[in-house]
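Visitor: Kindly generate the complete structure, drawing on both the sequences and the hints.
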Amino acid sequence: MTAIARTVVLDLRTAVAYRSQALLLFVVVALIEFKNPILLVPALALLAIPAIAAFPLQAADKAGLETLYAVLPVPRRSVLYGHYAWALATYLALAAAGAMFTLAFARAQADAFDGRTLLVVLTLSWAVFVVNVAIQFPLFIRFGHSRIGGLGTVLPVALIMAVIIKLHLTTRLHVTVASVQAWLPLVWVAGAVAIVASVAVAIAADTRRVR
Amino acid sequence: MRVVLSNNAGVPLYQQIKEQVGTAILSGELAEGSALPSVRALARDLRISIITTTRAYTELAAEGFIATIPGKGAYVLPMNSELVREQLLRQVEDGLQAALNAGRHAGLRRDDLIEILDGLMREDQQDAVR
Amino acid sequence: MCSDLAFALRGVRTTVGDNFALRDVSFELPTGYVMGLIGANGAGKTTTIRCLLGMRPIQTGEIELLGHRVPGPVALRQDVGVVLDHTYLVGEWRLVEVERALRPFYDRWDGSRYRQLLDTFGLDPRAKVKDLSRGMAMKLMITVALSHQARLLVFDEPTSGLDPVARDELVGIIGDFLLDEGHSVLFSTHITPDLDRIGDYVTLIHDGRIVRTGTKDEVLDAYRIVRGGPDDLSGLVGVQLIGARRTPTGAQALVRTEEADLLAERVLVEAPTLDDIAVHIGARVPHPDPGNGASRGPEPRRGAGRRQSDSSMPTREIA
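Chains as they are written, first to last, in my numbering: chain A, 12 to 222; chain B, 215 to 344; chain C, 2 to 320.
Don't read these hints as lab results, they were simulated from the structure.
Ideal Cβ placement from N, Cα and C applies to all residues, glycine included.
Check the hints yourself; a few may be wrong.
With the C-beta cut set under 7 Å, the calculated list includes, among others, these residues of chain C facing chain A [unchecked claim]: (1) 56; (2) 75; (3) 76; (4) 79; (5) 92; (6) 105; (7) 106.
Guide: Given below as C-alpha cells:
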C-alpha cells in the first residue's frame with residue numbers, strides 16, 4: 012500500500028508540473044458553466060478530470076518517466092495501481108469541489124434546486140469519468156500517450172456521444188430526474204467494476220515499456 | 215609523497231609509481247613508518263585505475279619497501295640493509311653502464327676508463343682526508 | 002578487497018526488433034572496480050545495460066546483480082544508480098522538487114548530501130530540469146544516485162555530448178565514488194580516452210556480441226596494431242585482419258597478438274590504444290562485390306581454438 016501511496020504522490024508532483032495546462036482547462040470549464048452552474052460538474056467530468064488524470068501518463072511518455080519507474084525501487088504493478096488511484100483521487104476531489112461550488116452558487120442565487128438533480132449530475136459525471144479512464148489508461152499504458160493520445164482521447168468521447176444519440180433516438184430523451192433515479196446505484200457499481208476490469212487489462216497489456 | 219606520472223614515458227604507469235615511491239623511500243624522503251595513501255585514494259588522486267595502483271603497491275610490498283593493510287592503506291617498512299645494498303648496487307651498475315656507453319662513443323678503451331675511475335677515487339679520498 | 006561480483010551476465014540473449022539481438026553476452030565485474038563497456042553506436046551497449054537493470058526481458062542466460070538474480074527484489078534498486086544520456090525526470094521540476102519527488106522511494110536518502118552535491122557541482126536548486134545543459138543534467142543524475150547511496154553506478158554514454166572539462170570532472174567523481182571498496186561502476190562509452198586511465202576492466206561489444214572482456218591490460222595485450230605498405234597486409238594466411246584500412250600509401254589493421262608473429266618482418270607491429278581497438282573492431286564490414294564474394298578471406302588456420310564470439314568481428318581480406 013505504501014508503494015502505491017508513494018506513486019500517487021509522485022503522480023501528483025508530476026501533474027503539478029502541468030498546472031498551466033490544467034488552468035487552461037478550468038478556464039474553459041468556467042466559460043461553459045457561466046450561465047448554468049449545474050453544468051459545472053459535467054463540464055469538469057468531460058473536459059478537465061480525464062485530462063488531469065492522464066497527466067502522469069502523458070509525462071511518463073514525454074519526460075521518460077517510464078525509465079524513472081523502472082529505476083525507482085517500486086514494483087511495476089504499484090506504479091499502475093498508483094496511476095489509477097491518482098485518477099480516482101482526481102475525480103473525487105474535483106467532483107466534490109464542483110458539487111460544493113454548485114450548491115454554494117445556487118444558494119447565493121436563492122435558486123434552491125433539487126439535491127437529487129445534483130446527484131444525477133454527479134452520477135453522470137462518474138459515468139463519463141469511468142468511460143474515459145477505463146478506455147484510455149490501458150491504451151496509454153500499452154502504447155504510450157505520444158503514440159495513441161489522440162485516439163485515446165477521441166474514443167471515449169465518441170462512445171459517450173454515440174450513447175447519447177442512441178438514447179435520444181430511442182427514448183426521445185424522456186429523461187427526467189425521477190425516471191433515472193432507480194438506475195443511479197447501478198451506474199456507480201458498474202463504473203467501479205469497469206475500473207477494476209480496466210486495471211486488469213492494463214496489467215495484462217503492459218509490456219514494461221521503457222525508453 | 216610526490217608522484218608525477220608521464221603519459222609518454224613508454225614506461226607503464228605502475229612502474230612509474232613503483233620507481234618514484236621506491237626512490238623516495240631509499241633517499242629517506244619517505245621515512246620508515248610513514249603512511250602512504252590507500253590504493254584507492256592514490257588511484258583517485260592520480261586519476262588512474264585501481265588495478266594499476268594495486269599492482270604498484272603489490273610490487274613495492276613484494277620487494278620489501280612497504281607493507282599494505284587491507285582496507286587501511288600502506289606504510290613504509292624499516293629499511294633492510296640487504297635491500298638497500300641491492301638497490302645501491304643497481305644504481306652503481308646503472309651509472310657505470312652510462313659511463314661505458316659514453317666511453318664507447320668517445321673511443322675510450324678499458325684501461326682509459328679504469329684510469330679515469332682511479333683518478334676519481336683518488337680525488338674522492340683526498341676530499342675525505344681534507 | 003571484496004571477491005564477490007558487482008554483476009555478471011552469462012549467456013544472455015535478447016532480440017530487439019527484427020534485425021538486432023544480443024547473442025551469448027557474458028561478462029562480469031568484481032565489486033570495487035570500474036568497467037568500460039566499449040562499442041560503436043548500435044553495438045548493443047544500451048540494450049546490454051537495460052538487460053542488466055532488468056528493464057528488458059532476456060530470452061536465455063542469466064544475470065546476477067549485486068548478489069541477486071535479475072529480475073531481483075525491487076529493493077535491489079535501492080543500491081543501483083542509473084545515469085543515462087538523458088534525464089528521466091519531469092522537465093518542469095526544479096531541483097528541490099526532484100528531491101521531494103524521489104526521496105520517499107529511497108530508504109537511505111541523504112538530503113544533506115543532495116544539497117551538498119548540488120552545491121559542489123554548481124547546480125542551482127531553483128533551476129528547472131529542462132533548463133540544464135547536458136553536463137549539468139548528468140551531474141544531477143549522479144547527485145541523485147549518490148544521494149540514495151547506490152553501491153553500483155551504471156552510466157550509459159555519460160560522456161557523449163560532454164565537453165572535456167565536464168568529462169574530466171566525471172573521472173574525478175568516479176574516483177571519489179570508488180574510495181569505498183564496496184562501490185563499482187559500469188560505464189558505457191564510445192569515447193575511450195576516458196577509460197584509458199581510470200578503467201580497470203574493459204568489455205568490447207560489437208554487433209550484439211562480446212568481442213573481448215578482461216582487465217584493461219589483458220584487453221590491450223590481446224591485440225596489436227599492424228601497419229605496412231599497400232600490399233604488406235594482403236594474402237596473409239592464418240592472420241585475421243580486423244577492420245583493415247587501406248590507402249595507396251599503406252595499410253593498417255588490428256590483429257590478435259598471437260597472430261602478429263606470422264606477419265612479414267617489414268610490417269610495423271605496435272601496441273594499440275583502446276581507441277585503436279575500438280575503431281578497428283567497430284569498423285563496418287563493407288559489402289563484398291557479388292562477383293567477388295568468394296574472396297572474403299580464407300578460413301583462419303588456427304580457427305579451431307578461437308573464441309566463438311570473435312568470429313563475428315568484421316574482417317576483410319583482399320585476395
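Visitor: Now look at each hint and say whether the structure bears it out.
Guide: Taking the hints in turn, this is what the structure says about them:
This hint holds: residue 56(C) has a C-beta 5 Å from the nearest C-beta of chain A, less than the 7 Å allowed. Given the 7 Å rule on beta carbons, the hint for residue 75(C) holds: about 5 Å separates it from the nearest Cβ of chain A. Interface restraint check: residue 76(C) against chain A, minimum CB-CB distance 6 Å, threshold 7 Å, status holds. For residue 79(C), the interface hint holds, the least distance from its beta-carbon to any beta-carbon of chain A being 5 Å, beneath 7 Å.
Among the interface hints, the one on residue 92(C) holds; its C-beta lies about 6 Å from the nearest C-beta in chain A, closer than the 7 Å criterion. For residue 105(C), the shortest C-beta to C-beta distance to chain A is roughly 5 Å, which falls under 7 Å, so the interface hint holds. A distance limit of 7 Å between C-beta atoms decides the matter here; for residue 106(C) the minimum to chain A is near 5 Å, and the interface restraint holds.
The structure meets every hint from the earlier list without exception.
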